[in-house]
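There are 2 protein chains.
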Amino acid sequence: MAVILTVDVVLLTLRGDELHVALFKRAREPFRGLWALPGGFIREAEDDSAKAAAARVLRDKTGLVPPYLEEFGTVSGPARDPRGWSLTVVYFALVPAALLDGQPDTFAVSRLPNLPFDHAAVIAQVVERVRNKASYSSLPVFLCDPEFTIPELHAAYEAVQGEQVNAANFRRKLEEMGVLEEIKGQTKVSGRNRPAQLYRVAKPFRDRLSVRPRGL
Amino acid sequence: MAVILTVDVVLLTLRGDELHVALFKRAREPFRGLWALPGGFIREAEDDSAKAAAARVLRDKTGLVPPYLEEFGTVSGPARDPRGWSLTVVYFALVPAALLDGQPDTFAVSRLPNLPFDHAAVIAQVVERVRNKASYSSLPVFLCDPEFTIPELHAAYEAVQGEQVNAANFRRKLEEMGVLEEIKGQTKVSGRNRPAQLYRVAKPFRDRLSVRPRGL
DNA sequence: CGAATAGTGTCTGTTAGACATTATCGA
DNA sequence: TCGATAATGTCTAACAGACACTATTCG
Chain A
1 MAVILTVDVV LLTLRGDELH VALFKRAREP FRGLWALPGG FIREAEDDSA
51 KAAAARVLRD KTGLVPPYLE EFGTVSGPAR DPRGWSLTVV YFALVPAALL
101 DGQPDTFAVS RLPNLPFDHA AVIAQVVERV RNKASYSSLP VFLCDPEFTI
151 PELHAAYEAV QGEQVNAANF RRKLEEMGVL EEIKGQTKVS GRNRPAQLYR
201 VAKPFRDRLS VRPRGL
Chain B
1 MAVILTVDVV LLTLRGDELH VALFKRAREP FRGLWALPGG FIREAEDDSA
51 KAAAARVLRD KTGLVPPYLE EFGTVSGPAR DPRGWSLTVV YFALVPAALL
101 DGQPDTFAVS RLPNLPFDHA AVIAQVVERV RNKASYSSLP VFLCDPEFTI
151 PELHAAYEAV QGEQVNAANF RRKLEEMGVL EEIKGQTKVS GRNRPAQLYR
201 VAKPFRDRLS VRPRGL
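Heads up: the protein sequence lines correspond to chains A and B, in order.
Number 106 in this note's numbering belongs to position 106 of the first sequence; there are no gaps in the numbering.
Number 75 in this note's numbering belongs to position 75 of the second sequence; there are no gaps in the numbering.
Because the hints were derived from the structure by calculation, they are not lab data.
In this text the structure is predicted, and so the values were computed from the model without any measurement.
Because identical chains share one entry, a pair is satisfied inside a single copy or across any pair of copies.
Cross-link-like lysine-lysine pairs, in silico, BS3-like; alpha carbons within 27 Å at most:
(1) Lys203 <-> Lys51
(2) Lys188 <-> Lys203
(3) Lys25 <-> Lys61
(4) Lys25 <-> Lys51
(5) Lys173 <-> Lys188
Let the hints inform the model, and build the full structure from the sequences given.
Structure (structure tokens):
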């Protein structure tokens, strides 16, 4: 019997101030009816790569092309799938909550339902990776809308890290990095206070993840 | 037809002051006779995971159990293997040159022969990853013997990085990290000069890669 | 004007990195 | 004692992080 070869996607987004993961009710056996990561078999006829398969799965289930999709790694073994020896390539995607618009059900990563296979462990590892990577890169911008304020981005960082980050230093650091581009004249109100300047990611950094040499 | 599922291993070691990769002449088609990365199919009956398959491949071809073996990622697609749609899980291993003892043929990563599949690109990416990772972790200790001097480790760092690192600061940094354990009374001569103190990796860090918060 | 959040300026302890100096060996 | 490399000590500029302060909006 051949190895079962699949891709799974950990789709992360921000709701409130906590990281959420998108889960879907399984339509088929095994584990029909359980919440699980979106995933599926690689289709040789359609997919040009495992990553393309992950993008297709996501498109089919959510209708969106994720702005950020990265391979996490593989999980494999004889016992993780009741159907036999399996290998799954795990991807993670980061999307602004606005893009999802309530389509898939999402769960706070700290309060997950019972999950089949090794999905719980996979999610935990992906979250840890994202946390680590966020601390030395501008990864969390992918959790924000294309146009965002610094306080919004700051909140995204804190949500990902799970700890507070000094707002003043955060702002200064960003400016030094030069990844942000001010949208002149555009501000965003959020209550009865001073509105915040809108920014976007500067051209040279679009689609390219800026990784800083060190520190936060 | 099913997807071709294999593992490949980029085995890196230090010869002289340059990173070398182990290559083997392919015994079978396709590309019989060409130098290529060691690799092979996953055997469902034998292997408990893809990583176990990589370790088995390495053991069969070199007789050694690599002290450091890490997943790099996957490469996949319809065109990279003439036999059909394929997915390869790539691993990289770091071993001290003394362990190899001339068994496999090794090539400086900057002067590789013609390679089949996408092996050339894979090696280039792995080397880049190792370089990056070395700069914020103690990865290069796996390129040294179990007992080593600080100058030896320093040379390993410089070889991996491809650039000079100040020896005095390197030493101080290591001591701050506390990953090294002095082997009291043991020194190693290397010419007509002051012998160097021998060290090993301290117990709490054995098998565990120390990743520093930042800097070199 | 007051409440609230956006944004700026300043200070300080830490540290990476440069460099000078001392130590210890073989020949 | 000389040549060479190991190991230690010192200085400085850069910077992360803490925190005080100013700016701008709404109600």
